[in-house]
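Visitor: Chain residues, written in single-letter form:
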Amino acid sequence: QESIKLKVASNYPATSLFSRVQKHMLDEVTASTNGRVTFEWYYGGVLLKAADVFPGVGRGAADIAFTVPAAFNPREYPITGVTLPFLTENVQAASLAFRDWYNTTPAVQKEYQRNNVRFLLAVPASENVLWSQKKVNTAADLKGMRIRMLAGPGDALSLLGATAVTVPYTDAIDLLSRGGVEAISATPFEQGVKDGLPEMVNYLSSAGRMGIYAAVITAMNLDRWNSLPKDVQAAFLKAADNAIQYYAEAQGKDADESVDILLKAKRVQVLKMDPQEEKAWRDKTRDAILKKYHDQVARTGADGNQLVASYTALVRKYEQSHPYQTGIDRYFARKK
Amino acid sequence: MRQALLACARRTNALSQGMARLTGLLIIVLMLAVVADSLLRGAANIAIWGVLELSTMMLLALVYLGLPATQAERVNFRVSVFTDRLPRRANLALGGLLLLLQLALLAILAWFSWRSALFSFHRQEVSIGLVEIPLWPHRTLVAVGLTLLWWQAFVSGIELVLHGKHPYELDLKAEVEGAIGRQAA
Amino acid sequence: MTAGAQGLLMIAGLFVLLAMGLPIAMALVASGVVAILSVQGWSAADYLLGALPYSGAAEFAFIVIPLFLFMGHMAFSAGVSERGFRAALAWFGHIPGGLGIAAVSACAAFATVSGSSIATAATVAKVAVPEMLKAGYSKRLAGAAVATGGTLGVLIPPSSVMVLYSIATETPIPHLFMAGIVPGILTAVLYAVLIHMTVRRDPSMKELTVLPRAPMKQRLRLTLSSWEIILLFAVVMGTLYAGLATATEAAGYGALAALAVALARGTRWEEVKKGLQVSGASTASIFFLIIGAGIFSVALATTQMPQQIATAVTSLQLPPVLLMILLLLPFLVLGCFIDAASMVLLTMPIIFPIVKQAGIDPVLFGILVVKMTEIGNITPPVGLNVFVVSTTCPEIPVREAFRGVLPFFVVELVVVALLIAFPSLTLGLVR
Ligand code: NA
Ligand code: NA
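Residue numbers (this note's numbering), protein chains in the order written: chain A, -8 to 327; chain B, 21 to 205; chain C, 751 to 1181.
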């Protein structure tokens, strides 16, 4: 049997949790095919920059892509942007739901086919939080606040009255220390902790429990996928299924480690938000966010409301069987 | 024929240099855009949409519309320790050989860049961020710049054949005659 | 063909093209394009080679290059630099190498507001090199002092390369910035010592350049007359530290302030226009190199040669310090051809897992990597800082500057050795 070598490209660094999940999954493919399928890794945008990862793999510059196409290629992957704020916090449920949603929804499959890739795995980034210099308890506190934001949390915070600052994340950290921005949003809980934000800001809040706002998607060039023997395809799909569980465990471990750091941090104070207020944030922004998704998806002729409904139903189903605790909830649970 | 070719070469050189001069002025626009954006954000909490994307586009214009002039004026950095010792004719022949290689590779690069611009247009590629700005003009700028650089290199070939002018060696006389470049300021 | 052979062939090809006198940027493009076409095939190369010329330049942070180049031009044509150096001369002129030390101090000061090594070299070159040459310094020393001093731009925070390292390895940026301060000062001091000793050992240069001690009154008067330099630093640093501007945006304020000073000093619009055009032309030729290095580095990565070297190194089971030295060595070779940013992006995915596994401190390793990539900026044949100094000051031929760099290169290796031997130099402020 001929051996198969596949090139994997991403903008994520090798050390990131997302990359570790991919490594775990593809190592399993190598093992289960007795070394017949091997991989060549290109992390950190070495081969393809963030916005080039999915288009590049679709056109054969590499074989496997993993990044957030809904963020970097919004026009090509509008439907994939279904991981909207305020929908769920549960990473494992979101991941399982996305898989089933792909398998059962022709419109989603068409989106990937149109871009000449085969979907394999969705790894949702953990929940959005808000790192701020000023206390944020209510929406009124956001008025005029300069916040680094993008994607779904950006839409929500703009609607609530904050001023959008769209500088790159690293510039934002730099600006934060000097007051150029007053808060940073649109970064997963553990990421901010890792980047040293607990020593740079005064407050950390759940920002109304916006939850998951982006999903890292793994996909393979479609021609490449079709050329693979059936047993190899099956090995990929099985490894992708197992990766969901692996990610849930690894993410939980990362969250716990982040909580360790947070418990020791001297500067930051973690805020407990009033559930009434959380609901108010959600109610004030929900329609506009749904409308935006609906309009984006409408270009492809699909029905956004129906897509959100079917995805949400699947998420709710898996939330029952797979409990999840956010980083901030873990923090308060251990602080007592 | 010879006269027509030389006139064409002169016009190409003038075009390349004019383009570089014009895009140089963009630095002032770039400066004002960046300052205005940061001032409004800091003083009035207002964010100007698209400054990032437009600044990047101006940078691309500076680079790619400025490239042909670097070839026209032969100011690209090179190692000349070895070739300086060759007889003049051999040096020119070697320059011609390298120019052929450059023309072939630039043609490939320009071709791929045009395809990339076209692909960007077809898939409606937009910038990342809260505002979606189409990126095909950015990619087209790169393709145009590389094509013009190819044409300028081709003109260097004409100058080599008809005038015996080296395609890469810095021509001090041309520089003194008012070319933009290193002796200024 | 094995990956190692492909990689070596690529490097050999580059050398041949360089020796034949093809412009360096084009030689990088040529060997990169040929390697990608032959290793990847036409259809994979299609997207890669179409995207690279765009993504290599379309980076917002890169706008500091034209902006700082323009700032330097305006500061120069307003006579700001000249007055500044008159003042520096009054203070340091009686010490052998005093003006060179002043130039390095200017680099260090400018580094606190600029994250870029190229911009630091360009700005200070415009200001310092003509003065040094006028005072009687050799082209070699004047060019090399500023080209090397420019590397402080990246070592002293803020720093573009540290940001890239942080992204590639998930090391906190504030830690890296803090860690860069002491090594930066140490480097500057050792440069100053080297310049001092070089001038002292050269009787003719010493005689020409060592001035009588200026009276205190004259020192103060000249210092006051150079207030515009302080104003420019204050504008860039002030907007940065007040949180008004990012490190990138501060370059815009600096350029605007320099333009205002120039106009106030009676510089005519024609001169401004010329400054813009010259900065634009330099931008194009510098970016041609950056883009070429980007294509070359992707091509090298696809040959898998760097990855295989990393695997070989890991299998050696060395003690951490030895491993660290071994991991830093490739940067000396890569640095000859590739720019700092591409080097970090290319090597970290391969090297960093080994670093972590061996228990080497990621912050210390980061500073050492920054140091090594900056050495690459002054080594031939592709030494961006040297090119920039030579473009800004055409009196300095590239070849002369590269010769002058050699003793500085030795000092750099000494600094690296000190940082490895005494980790607390780097980590003292972080903990
Ligand atoms: Na700096
Ligand atoms: Na070098």
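Since the hints were derived computationally from the structure, they do not count as laboratory data. A couple of the hints might just be wrong.
[Said to hold, decoys possible] Here are the computed distance ranges between Cβ atoms for each label pair:
1. C:F765 - A:K14: 47 to 57 Å
2. A:S218 - C:V1160: 51 to 61 Å
3. A:Q(-8) - C:G1178: 52 to 62 Å
4. A:D265 - C:I935: 48 to 58 Å
5. A:E269 - B:R143: 29 to 39 Å
6. C:L970 - B:L52: 32 to 42 Å
7. C:Q1107 - A:Q260: 35 to 45 Å
8. B:H183 - C:F765: 45 to 55 Å
9. B:I68 - A:K283: 14 to 24 Å
10. C:V1164 - A:D265: 55 to 65 Å
[Unchecked claim] Pairs of lysine to aspartate or glutamate, EDC-like flavour, derived with a Cα cap of 20 Å:
11. A:K244 - C:E920
12. A:K326 - A:D265
13. C:K1106 - A:D265
[Claimed, not checked] Listed next, the stretches of chain C that the computed footprint assigns to chain A, with coverage defined by at least 3 CB atoms under 8 Å from CB atoms of chain A:
14. 758 to 772
15. 1037 to 1043
By construction, the Cβ of each residue, glycine as well, lies at the ideal position given by its N, Cα and C atoms.
Visitor: Decide, hint by hint, whether the structure agrees.
Guide: Hints versus structure:
1. C:F765 - A:K14: 47 to 57 Å: About 36 Å separates the Cβ atoms of F765 (chain C) and K14 (chain A), which means 47 to 57 Å is violated.
2. A:S218 - C:V1160: 51 to 61 Å: holds (55 Å)
3. A:Q(-8) - C:G1178: 52 to 62 Å: holds (57 Å)
4. A:D265 - C:I935: 48 to 58 Å: holds (49 Å)
5. A:E269 - B:R143: 29 to 39 Å: holds (38 Å)
6. C:L970 - B:L52: 32 to 42 Å: Since L970 (chain C) and L52 (chain B) have Cβ atoms about 37 Å apart, the given range 32 to 42 Å holds.
7. C:Q1107 - A:Q260: 35 to 45 Å: holds (36 Å)
8. B:H183 - C:F765: 45 to 55 Å: violated (30 Å)
9. B:I68 - A:K283: 14 to 24 Å: holds (21 Å)
10. C:V1164 - A:D265: 55 to 65 Å: holds (60 Å)
11. A:K244 - C:E920: Satisfied, since the Cα-Cα distance of roughly 17 Å is no more than 20 Å.
12. A:K326 - A:D265: holds (18 Å)
13. C:K1106 - A:D265: violated (41 Å)
14. 758 to 772: Coverage by chain A is violated for the stretch 758 to 772 of chain C (0 residues, Cβ < 8 Å).
15. 1037 to 1043: violated (count 0)
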